[in-house]
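Trainee: Spelled out, the chains give:
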Amino acid sequence: MKTSLFIMIVLVSGAFAGFIHGTVNFAIVEPYLDQAIGIENQNLFASGEEEDTPEFWVEYEGYRVWQKSGQIVSGVILGMSVGSLFGIVFALSKNTLPGNNMIKKAVILSSIMWFTLYIIPFLKYPANPPTVGDGETVVLRAILYLSFIAISGLGATAFYKLSKKFQNKRKFIALISYAVFISVVFFAMPENPDKITAPMNLVHEFRIMSVLGVTSFWISVGLILGFFWNRFESHKETTPHYT
Amino acid sequence: MSELRQINVSKTGVSKLAIVALAIIFAAGLFVVGFDQGHIFSLVYGEQAFADLYIHELTHDMRHAAGFPCH
Ligand SMILES: [Zn+2]
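Heads up: the sequence lines are chains A and B, in that order. Following our numbering, the numbering of the first sequence begins with 13 at its first residue and continues without gaps. Following our numbering, the numbering of the second sequence begins with 1345 at its first residue and continues without gaps.
Just so you know, the hints here were simulated from the structure itself, not pulled from any lab data. Be aware that a few hints might be false.
[As the list claims (entries may be wrong)] Under the rule of at most 25 Å between Cα atoms (straight-line distance), these lysine-lysine pairs were calculated in the PhoX-like manner:
id: 1; chain 1: A; residue 1: Lys183; chain 2: A; residue 2: Lys173
id: 2; chain 1: A; residue 1: Lys207; chain 2: A; residue 2: Lys116
id: 3; chain 1: A; residue 1: Lys176; chain 2: B; residue 2: Lys1360
id: 4; chain 1: B; residue 1: Lys1360; chain 2: A; residue 2: Lys173
id: 5; chain 1: B; residue 1: Lys1360; chain 2: A; residue 2: Lys136
id: 6; chain 1: A; residue 1: Lys106; chain 2: B; residue 2: Lys1360
id: 7; chain 1: A; residue 1: Lys116; chain 2: A; residue 2: Lys183
id: 8; chain 1: A; residue 1: Lys80; chain 2: A; residue 2: Lys183
id: 9; chain 1: A; residue 1: Lys176; chain 2: A; residue 2: Lys116
id: 10; chain 1: A; residue 1: Lys106; chain 2: A; residue 2: Lys176
[To be verified] With the Cβ distance kept under 8 Å, some of the chain B side facing chain A (calculated, not the full set):
id: 11; residue: Ala1362
id: 12; residue: Ile1363
id: 13; residue: Met1406
Being a predicted model, the structure only gives us computed values, none of them experimental. By construction, the Cβ of each residue, glycine as well, lies at the ideal position given by its N, Cα and C atoms.
Whole structure, please, built from the sequences with the hints as guidance.
Mentor: Now the structure itself:
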């Protein structure tokens, strides 16, 4: 595939899937963010850090509107970013992925990446609504979260490569090895240092909505990139050319 | 004379250049949405940007929703 066409379809499918992610979040995650920030404001008033004045609310509304409108914009940016990673991995692995067409292959890969790069790290370091995180620990938490994602992703890649060396049934061994490896890492990594003071049912419901949003991204990006790939590439690669 | 020839014979069918370009987009986008605390605007506006946190505010809600660490 031509370099420019390849980059184009990867970015467009990432942007589309990110737009869907942002829109889903706007609909189902925002109400929980509003609730959590509401609690945070009450805490600010109670501690005397802020005063419950009309000026406070004018300023608050100003930046909340900016934050909410950013949900979809940053969905597109994040979608193009993660979509680029997905495009790279897909290009490198598509010949060995199971499935008889590009859409099936892409959705299988997006499911694997959803599981290893999102679900497993989420189980260890789940998403939190505002008010839960301590500003002092944000760098530590970012390092922990990113490291765990990287370890899980690189581990999955390594065991996948290993599995290609084995015959049919022994591929299973690679899968089990990954499960053992990631379980060890899971329990070895330090916990999120922050204590949750927000109501637990708010946190739980927020997390469910967050998972639904990210899942909508991974399903979309697989379907859309697979569709584009079929549309622009498949016949060229399989048809011999006579000159 | 006809000759059987397959175009695009490279193993993956995509160029290294494309992979590098996408890897840069991946890293930059992830940083902006997941971790930027005003660094990018500070290149243009100096220290003031760290106080205003424009990008942070714009990407703030997605950061929480996508599971990145925040406040
Ligand atoms: Zn926050």
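Trainee: Going through the earlier hints one by one, which of them does the structure break, listed in rising order?
Mentor: The structure breaks hints 2, 5 and 8; every other hint is satisfied.
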